[in-house]
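J.: Taken in sequence, the protein lines are chains X and W.
Using this note's numbering, the letters of the first sequence map in sequence onto residues 71 to 629.
Using this note's numbering, the letters of the second sequence map in sequence onto residues 11 to 371.
Read the hints as simulated data drawn from the structure, not as lab findings.
Even for Gly, the Cβ is constructed at its ideal location relative to N, Cα and C.
Fair warning: there could be bad hints in the mix.
Just a sample of chain W residues kept apart from chain X, beta carbon distances all over 12 angstroms, derived [said to hold, decoys possible]:
(1) 111
(2) 123
(3) 276
Taking lysine-lysine pairs in the BS3-like style, the calculated list, with each CA pair at most 30 angstroms apart, reads [unchecked claim]:
(4) W:250 / X:123
(5) X:141 / W:49
(6) W:303 / X:75
(7) W:82 / X:75
(8) W:250 / W:49
(9) W:138 / X:75
(10) W:78 / W:299
(11) X:103 / W:338
(12) W:49 / X:123
(13) X:153 / W:103
(14) W:49 / X:75
(15) W:103 / X:75
(16) X:369 / X:303
(17) W:148 / X:75
(18) X:369 / X:394
(19) W:78 / X:75
(20) X:153 / X:342
(21) X:75 / W:305
(22) W:49 / X:199
(23) W:49 / X:140
Take a look at the letters that make up each chain.
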Amino acid sequence: MFSEKSRIRFFIYLSIVLGVIISGRLFFLQVVKGDFFAEIAGSQAESEYAAYKGRGIIYDRNGKPLAVNKKVASLYVFASNLKDRRNFIARLNKAGIKISKTTRARILKNEGFVWVERNVNIASARRIKELVPEIEYTLNENRFYPERHLAASIIGFTGVDNQGLWGLENRYDNVLKGEKIKLVTLKDNKGNLILFEDNKAKTHAESALYVTIDTYLQGTAEYLLRKGVEEFKADRGIAVGIDVKTGDIIFAASSDNYDPNNYSRYSDKTWKNDVATFLFEPGSIYKPVAFSYLLDRHKLDLTKQVNCENGHFRLYGHTIKDVKPIGVVTANEVLIKSSNIGMIKLTDKVDRKDFYEYMRTAGFGQKTGITGISEEDGLLRSYRQWSGLSRPSLSIGQEILVTPLQMARFYAAVANGGFLVTPSIVEKVEKNGRSESPEAQKTPIMSEATAKTMQALLAEVVKEGTGQKAKSSFVEIAGKTGTGQKFDKASGSYSSREYTASFAGFYPAQNPGVAMVVVYDSPKLSIYGGSTAAVTFRRMAELTSLYLGLQRKDVDESI
Amino acid sequence: MFEIKDDRLQILILASILMTTGLIFVFSAGSIQALRLDKGELYFFNKQLLAVFIGLGLMYGAYSIPLKSWRKFVPALYFVTLALLIVVFFFPKLNGSHRWILLPGFSLQPSELAKFTCILYLAHYLDKKEGRLNDFTKGFLPASIMLGIIGALILSEPDYGTTLLIICVSFTLFLIGGAHMRHMLGVIGFIAPIITAGLLMGYRRGRIMSFLDPWEDRYGTGYQLVQSLTAVGSGGFFGKGIGNSSQKLYFLPEAHTDFIYAIIAEETGLIGSLAILVIVTAFFIICVKVALKHKELFYKLLTFGIAFSLFIQALLHISVVTGLLPTKGIGLPLVSYGGSNMMSSLFMVGVLLRSAEEAGS
Chain X
71 MFSEKSRIRF
81 FIYLSIVLGV
91 IISGRLFFLQ
101 VVKGDFFAEI
111 AGSQAESEYA
121 AYKGRGIIYD
131 RNGKPLAVNK
141 KVASLYVFAS
151 NLKDRRNFIA
161 RLNKAGIKIS
171 KTTRARILKN
181 EGFVWVERNV
191 NIASARRIKE
201 LVPEIEYTLN
211 ENRFYPERHL
221 AASIIGFTGV
231 DNQGLWGLEN
241 RYDNVLKGEK
251 IKLVTLKDNK
261 GNLILFEDNK
271 AKTHAESALY
281 VTIDTYLQGT
291 AEYLLRKGVE
301 EFKADRGIAV
311 GIDVKTGDII
321 FAASSDNYDP
331 NNYSRYSDKT
341 WKNDVATFLF
351 EPGSIYKPVA
361 FSYLLDRHKL
371 DLTKQVNCEN
381 GHFRLYGHTI
391 KDVKPIGVVT
401 ANEVLIKSSN
411 IGMIKLTDKV
421 DRKDFYEYMR
431 TAGFGQKTGI
441 TGISEEDGLL
451 RSYRQWSGLS
461 RPSLSIGQEI
471 LVTPLQMARF
481 YAAVANGGFL
491 VTPSIVEKVE
501 KNGRSESPEA
511 QKTPIMSEAT
521 AKTMQALLAE
531 VVKEGTGQKA
541 KSSFVEIAGK
551 TGTGQKFDKA
561 SGSYSSREYT
571 ASFAGFYPAQ
581 NPGVAMVVVY
591 DSPKLSIYGG
601 STAAVTFRRM
611 AELTSLYLGL
621 QRKDVDESI
Chain W
11 MFEIKDDRLQ
21 ILILASILMT
31 TGLIFVFSAG
41 SIQALRLDKG
51 ELYFFNKQLL
61 AVFIGLGLMY
71 GAYSIPLKSW
81 RKFVPALYFV
91 TLALLIVVFF
101 FPKLNGSHRW
111 ILLPGFSLQP
121 SELAKFTCIL
131 YLAHYLDKKE
141 GRLNDFTKGF
151 LPASIMLGII
161 GALILSEPDY
171 GTTLLIICVS
181 FTLFLIGGAH
191 MRHMLGVIGF
201 IAPIITAGLL
211 MGYRRGRIMS
221 FLDPWEDRYG
231 TGYQLVQSLT
241 AVGSGGFFGK
251 GIGNSSQKLY
261 FLPEAHTDFI
271 YAIIAEETGL
281 IGSLAILVIV
291 TAFFIICVKV
301 ALKHKELFYK
311 LLTFGIAFSL
321 FIQALLHISV
331 VTGLLPTKGI
341 GLPLVSYGGS
351 NMMSSLFMVG
361 VLLRSAEEAG
371 S
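Chain X extracted, bound-state conformation (with noise of 0.2 angstroms):
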């Protein structure tokens, strides 16, 4: 046989073969299928196990918390390592899990890693886990919003990931997300898989979102609106009150809420913000735009006489009639008084595109410019395409639809000199200690002589006009009572039973500081914005005037 010196060397041969058939090996895997194994790698890296830890808080203008993280843990099995399956998902249901069934599928299935249940508190994970040892848990962190329903429609809220998916939330995700983490997963010694936080894949992102709601007005417009909803036996009630001056949204509230801890209880019509995308016809709350029109462009004479027809008027076939009816009077008392005869008698001259032009300069028919939240347009239509009812119509504030939030920014253009101001809900955004806020715009649309005229004339409609229900003791209030048919979009045509009641002002008169709409969708109470909208608005203005310490009526400041 061979000798041992043959037999050993023989080895060295064999070492050569083997180094030669593993390099074959290596260049297949690390050349041949490089690419294939580094698309793998590369997609594997973003795979579900990512999630996302401090996320950015939401705050309030006064810095109190709106939307924190809190720790919470997420429930997962490895299907593939589980003897009975069946009687997991049976002891699952002792321990008081209700699995979807997807993933009951995906655990029958033989799927690897399946959720069982995300973001419960930790308390329970541990005492499922106790009842149903193949349970494992991470800890990872899911938002909380302390205040519940308040301001829900536009804060949002964010889905098992903690990604953002509605209002706020969802239009500044990018910015809260937060550190991205991921969760790693290994086999323990007895092959399960297991997953753990990546402490190495941390990044640091700290931000937050300050908005410009205040806690306690927006808590308490909500409870208002609630209160009203029953009073009036209304379907919804909004209210949004914003800074004449600066555009800030000081509350958007809506009586249709939601908790955003548990979203999905709840039908997704009560997510939207009604504030920005209640569309309504407006009603007699828009004759001050036309009027400030005449005043501005066709510098009206407050004392030009008008015969009011005794509330009746026929026009291209229609009659148009009056709540109260009148007789002759001048402008002004047009206005105090809301004739509709008179809007329209004192309109009949005026050029459609001219007039058109105004209204599209005041910010009707297109959207406010407003960060952060969704916005409807509203719908006002080219001079091009009205018919000849469309200026008496539109002087009375009919063939328009608006939301609250662009009526309430006229007002506040009337309220502060005559400048249409962006509306802003996001006040600032901190990332990365950096600080930045959504630019605000400024545009005149009407002279300052004519924002004074108005604020005067408003002023007198509460205190002696159509308003009076909105007069309070406490603060000089100055709007304008409106009703509006709704239009139902499904027939096309205006509903003769459905109304929406308005109340559109701001206050204190002599040197305002806030304005604000409230709506009332189909009121069964009364249809008329002065037993209903303008009661829930003076109680609004008393509080907010107390809270902000604005100007009071009773305090004479010349002391």
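Using the hints provided, position chain W relative to the given structure of chain X.
T.: Positioned in the frame of chain X, the structure of chain W alone reads:
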């Protein structure tokens, strides 16, 4: 003093390269595992560094002992090993097996010592019985029983990897020492069914089946292999750069021990993975040449046995990582994290250095 032609220097240089590579990648791949255990980033690195220092001491110690004196220690060493392999069962299980003697501050794996003991024993025995191995009961059987006892103890820890390694090295030594092929086939016929049954039980069966097609259950039994292949493959030609592995961070378990070669391949590409393979093979060939220089069978077998044991371990590690063999936790000698293995490997390198010195003179 030393010349580059000197075998000792060549062995020392190659071992140092492997050791340094090991420290770099234990740092690179081990830091994340350390963080997982809530230890500092340097936890594994520091422990490895300590093992390297102790190991270098052992290496120097082994280098200073003349090879022939080892023959006097054979019975003593055998019984010490046996005792330790029994003692290990009185320590609690760690990761599901009785592999470690847990002492305050550190732990030891007697199976690491067993590798050397078996090689030494067999080299001694085969040299003693030279020419009489054809007698089954007086030649082949006694040694098989002695080794079998050690093997059985390690198998029941359980530690399949080391058992297989010892069987593999022993058979090779028998083969070189002139054992009768018929006898050896007989023993293979006896233990093969036991090993096979062991392999096909429990999780090992899953591992073996998944080796054939890891993609079939890539999140279950095929997970490790898929992740390992992904690490190796995604390294490409030039690698992702040292410290840039994404696999070690997220997906590859035991990246600093049983899969360190995958991380080396991922971070240094084909260039680095081939370099390690070449170094490992060159180390083996140099040592085999040293073995061939010796006149006496004992020296030849001792030197070859040690070199072969280190080489086979390395080859097993690389083959598992590249999917050529079923997943089996086995470290890359001198590179992977593991104190006992590092110390025993360095100790054996010390013996090889001594052997090179004695062969050269």
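J.: For the pair supplied as a hint, residue 153 of chain X and residue 342 of chain X, confirm whether the alpha-carbon distance does not exceed 30 angstroms.
T.: violated (46 angstroms)
J.: A cut-off of 12 angstroms on Cβ-Cβ distance, and residue 123 of chain W was said to be off the interface with chain X. Does that hold?
T.: holds (23 angstroms)
J.: Check the hint pairing residue 250 of chain W with residue 123 of chain X against an upper bound of 30 angstroms on the C-alpha distance.
T.: holds (28 angstroms)
J.: Report holds if the minimum CB distance from residue 276 of chain W to chain X is greater than 12 angstroms, and violated otherwise.
T.: violated (8 angstroms)
J.: Within 30 angstroms, alpha carbon to alpha carbon, are residue 369 of chain X and residue 394 of chain X?
T.: Given that 30 angstroms is the threshold and the Cα spacing comes to 27 angstroms, the pair holds.
J.: Assess, step by step, whether the Cα of residue 153 of chain X is no farther than 30 angstroms from the Cα of residue 103 of chain W, and give holds or violated.
T.: holds (23 angstroms)
J.: Can the restraint linking residue 78 of chain W and residue 75 of chain X be considered satisfied, given a maximum Cα separation of 30 angstroms?
T.: holds (20 angstroms)
J.: Holds or violated: residue 141 of chain X with residue 49 of chain W, Cα cutoff 30 angstroms?
T.: Holds. Residue 141 of chain X to residue 49 of chain W sits at ~23 angstroms (cutoff 30 angstroms).
J.: Report holds if the minimum CB distance from residue 111 of chain W to chain X is greater than 12 angstroms, and violated otherwise.
T.: The claim holds: residue 111 of chain W sits with its nearest Cβ about 18 angstroms from chain X, beyond 12 angstroms.
J.: Are the Cα atoms of residue 78 of chain W and residue 299 of chain W separated by 30 angstroms or less?
T.: Distance ~19 angstroms between residue 78 of chain W and residue 299 of chain W Cα, so the pair holds.
J.: When you check the alpha-carbon spacing of residue 103 of chain W and residue 75 of chain X, does it fall within 30 angstroms?
T.: violated (44 angstroms)
J.: For the pair we were handed, residue 369 of chain X and residue 303 of chain X, check the Cα-Cα distance against 30 angstroms.
T.: violated (43 angstroms)
Hint compliance for this structure: hints 3, 14, 15, 16 and 20 are not met, and every other hint is.
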